[in-house]
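Two chains, two frames, some hints: make the complex.
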Amino acid sequence: MTVRVISQHFDPGEQINAFVKDHHGAGAAVTFTGLVRSSPSDPITTLTLECYPELAVNQLDAIRSEALTRFNLLAATIIHRYGTMKPGNPIVQVMTLAPHRGDAFDGAQFLMDYLKTDAPFWKKETGPAGTKWIESKSSDDRARARWE
Amino acid sequence: MRVLYFAWLRERLDRSEQQVEPPEQVKTVADLINWMAENDEAFALAVEKRSLIRAAINAQIVSHDASLADAHTIALFPPMTGG
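The listed protein sequences correspond, in order, to chains A and B.
For the first sequence, position 78 (counting from the first letter as 1) is numbered 78 according to this note's numbering, and the numbering increases by one without interruption.
For the second sequence, position 68 (counting from the first letter as 1) is numbered 1068 according to this note's numbering, and the numbering increases by one without interruption.
One chain only, chain B, in its complex shape (with noise of 0.2 Å):
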């Protein structure tokens, strides 16, 4: 699975995208999210305020409680400041 990322958290994170594997019991982008979370401490940090991150399954906006089932590209931002 591909993860994206845009604006200050690509910043923060150094890195515009990664691919994952995530384990089965991860289901939805909240589930992604905690994952990713346990398993890099800087993303940890990037991620903390929870309610400052906006996703997107294959190019379509989700909220945390969407299923990963079908996704192929997830994509983590801020909110959008558009216009």
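The following block holds chain A by itself, in its conformation from the complex (with noise of 0.2 Å):
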């Protein structure tokens, strides 16, 4: 499974392990991996991500089959979880696998910046002052134009 939208915990290292461990052609992996932030100045208590399973699956595969070529990966898989989660619970990983590091490397900040702005989650943020949804980013528009 490359692409994967669960609702369950996941450990972040069994996923790497796993994903490294066939491919004997590979120079370099690259993994990314997102947390739930829960800092002094913006303290929150849970973050709940809403999806739309469907689209995210199909977002998900065009921009994973988007990296492999442009980027001429051995292999890619993204893994996003949708549910409610405490800090430092993993949100989402993405992990690629290439014959040298610059395509790994390059290869994982362009799925990480596509899957922001164009993969159907929605961050809901409960604290100390309540519930809010997290509004988008202009910081996050800008970092996905600059591969186009």
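Treat the hints with caution; some may be incorrect.
[Unchecked claim] Derived DSS-like pairs (lysine-lysine); straight-line CA-CA distance at most 27 Å:
{"id": "1", "chain 1": "A", "residue 1": "Lys132", "chain 2": "B", "residue 2": "Lys1027"}
{"id": "2", "chain 1": "B", "residue 1": "Lys1027", "chain 2": "B", "residue 2": "Lys1049"}
{"id": "3", "chain 1": "A", "residue 1": "Lys137", "chain 2": "A", "residue 2": "Lys124"}
{"id": "4", "chain 1": "A", "residue 1": "Lys137", "chain 2": "B", "residue 2": "Lys1027"}
{"id": "5", "chain 1": "A", "residue 1": "Lys124", "chain 2": "B", "residue 2": "Lys1049"}
{"id": "6", "chain 1": "A", "residue 1": "Lys132", "chain 2": "A", "residue 2": "Lys86"}
{"id": "7", "chain 1": "A", "residue 1": "Lys137", "chain 2": "A", "residue 2": "Lys86"}
{"id": "8", "chain 1": "A", "residue 1": "Lys124", "chain 2": "A", "residue 2": "Lys86"}
Source of the hints: derived by calculation from the structure; they are not laboratory data.
This one's a predicted model, so the numbers in the text were calculated from it and none came from an experiment.
Right, here's the structure in full:
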């Protein structure tokens, strides 16, 4: 499974170990894991991600296919959670495998920049100040635009 | 035709989906949003800022000028905040 949209907790270490296991032609594996953040200036108790699963799988499949071609990746996997999570929990993990590190890094960055703006997930955080939907950021749009 | 709502749009409308039977002159996503807004004050308020409404037809992202021909499921939602 190369795109997984799941509601259960996942173990980032287990995922990368399984991902690199059977690829002997690769010289570089890059993993990015996005975590639920709670900071003293912006404390939260839970983060809930709403999702449109059918569209999410379509979007992530398309983004992944483009990354494979564009960066000559040997493999790429995207895992994205939805549901309610706590600070420190993994939300998303992208993993890329390529002959050399440049393409593996670029491929992972590309996947993350695209899925921030193009995958149908919506974050809602709950903290001492109450519950609010996170607004989309123009910095995310700019990060995506640099690949166009 | 089935219309799905997500995130704050779903909350503001207090429903996650509904069935609609738009008249023949409703040909695009923009037409559908305008037609629904004309017939539903709560909907009109929720979609007031059209630039914040994204759309998908049959689980494919589309722009507001996309045709509704062959559409069985339309989704309307705010800008995405995944990752």
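Against the structure, the hints come out as follows:
no.	hint	in the structure
1	A:Lys132 / B:Lys1027	violated (35 Å)
2	B:Lys1027 / B:Lys1049	holds (21 Å)
3	A:Lys137 / A:Lys124	holds (14 Å)
4	A:Lys137 / B:Lys1027	violated (32 Å)
5	A:Lys124 / B:Lys1049	holds (20 Å)
6	A:Lys132 / A:Lys86	holds (15 Å)
7	A:Lys137 / A:Lys86	holds (22 Å)
8	A:Lys124 / A:Lys86	holds (12 Å)
Going through the hint list in order, the structure does not satisfy hints 1, 4.
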